[in-house]
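Chemist: Sequence:
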Amino acid sequence: MDQTFTDNSFTDQITPSQSTSPTPFPPTKPVNPSFLNIRYQIEHEGELLTVDTTNWKTSTLLKCQIVSSYTIFTLFGLAEQTTGTIIPKLQTYYQINDLHTSFIFLCGVTGYLTMAVISNITHESFGIRGVATLGTTSMTLAYMIISVKPPFLIYLLCSFFNGIGFGCLDASLNSWMGNLVDSNQLMGILHGCYGLGSMISPTLITYLMEKKENAWSWNQYYMVLSLIGGVCIVFVILSFKYETPKKYRYIAKLRNKQAQESIEMDSIKDPVEVTEEEISSSLLEEEEETNLSANLGMVLQSKLVWILSIFLFIYVGAEVAFGAWLVTYLLRIKHWAYKPSAHMSTTFWSGLTIGRMVLGFVTAHYFTSELSANLTYTVFSFVGYALFWLFSFTNLNWILFVIVFVTGVVVGPIFPTTIIASVNILPPNFHIVGIGFICAFGGGGAAGIPFLTGLIAESSDGGLAILPLVVIVLFAILLLIWTLIIVQYSKSYKRNNL
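Per the numbering used here, numbering of the sequence shown is gapless, rising by one per residue and ending at 582.
Just so you know, these hints were derived from the structure itself, not from any lab.
One or more of the hints may lead you astray.
[Unchecked claim] In silico lysine to any residue, SDA-like type, Cα no more than 20 angstroms apart, as pairs:
id, residue 1, residue 2
1, Lys575, Leu388
2, Lys173, Ile229
3, Lys337, His128
4, Lys337, Ile126
5, Lys330, Thr138
6, Lys387, Asn508
7, Lys173, Met307
8, Lys337, Gln125
9, Lys578, Thr452
10, Lys387, Ile229
Please put together the full structure from these sequences, using the hints given.
Modeler: So this is what it looks like as structure tokens:
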């Protein structure tokens, strides 16, 4: 069957499904369905695909997929902050130092980067449903094995598979949700769920392990994570049942076609004189881009993709390094007790959660673009970490709690805002593979920079004392990178107003 995207081929093959319009496709006037936000079915590569609307307000299935994604990201946060909170317990049980501990993070980033390299292959082979199922299963199996207190080498292997799970789901769900209606708000809540899990873990783990009666061992908490992971697997399989490999390839072509038609409309509005040779060359390039989604090789040649990936790598690494090592920093350097140290960590993740859930709406309604919003959040984050470092030399602990909370609020929305900005800056044929790589590579910072922080901590007894300074320097670099992005792309930036 001819798979070219012409008006006639669309109207011949599409079957509207549950549409409220009495005549969604009038036979006398062919319509491209990419501009109709309705649910429909189409045969592609011998398979009948179900393509849902991108408007969550009108689709029950889409709402279920969003809830499933939120549950998964809550599990992300629960799991990621578990490691940081139980570092003292792990070091006691396994008799390991800070250097050995940092290998937990290194194995995680290795799993992340593995998924970054093969993201396009896995999506084209398994579709979003398959990739999400693979990621959730990988995480759940890792938690089940850790729950039985395996040897430390097996623990590291589980960390690797946990990283693979994170990479699968991060790349898949971020790029998918970034193309929905109200993407700013939805992405803000999505990453707010990560913060919610990160906020819950320190306090809950501390309570369970510090109980006077029937206190939990550190591994028992992983049984809870395994149970939640099992629920997530069921959610993913049921809610993403239509997200097959062939649908993934179809949607990629459809988005490229829609973007090319948008470019053609812009050209009509602003006509310029071109030669016949230039027109022929342009049409040939458009045909190639329409039928092909960018592969990994093309993505890796893009300077913009690397700039955005490095930005997120540094951001995520700084955020997680501060949250993961904060308890140990307060215990070892500031000589706090374990319980208030854990509460400080909870305060940071509470602020981050609120920031992601609330400031996504602020970004959508009060900023002219995601570029200016991200610059504002990055500046205030830099100031917040600087204030934390300055006030850490005082005994005004209550001020530290306030500073950490507010800093978490402004740090929170940077990740989802960056993803939305990436969708609006990158060429349409880069969206799936490019955004997937940016998320996977950027998410690897959650392990890479905490690993380097562990190396610094092991260098001397006071090595961890420079943790705030490390984060300050990293956010200064972020500020520089984002300023350069604004200078380069602010004039050509087209906001997604869905």
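Chemist: It remains to establish, for every hint, whether it holds in the given structure.
Modeler: Going down the list of hints, with the structure as the test:
1. Lys575 x Leu388: Holds. Lys575 to Leu388 sits at ~16 angstroms (cutoff 20 angstroms).
2. Lys173 x Ile229: holds (18 angstroms)
3. Lys337 x His128: holds (11 angstroms)
4. Lys337 x Ile126: holds (14 angstroms)
5. Lys330 x Thr138: Within the cut-off at roughly 18 angstroms; holds.
6. Lys387 x Asn508: Roughly 16 angstroms separates the two Cα atoms, so the pair holds.
7. Lys173 x Met307: Given that 20 angstroms is the threshold and the Cα spacing comes to 17 angstroms, the pair holds.
8. Lys337 x Gln125: holds (16 angstroms)
9. Lys578 x Thr452: holds (10 angstroms)
10. Lys387 x Ile229: The given pair, whose Cα atoms are some 40 angstroms apart, is violated under the 20 angstroms limit.
In summary, the structure is inconsistent with hint 10 from the numbered list given earlier, while agreeing with all the others.
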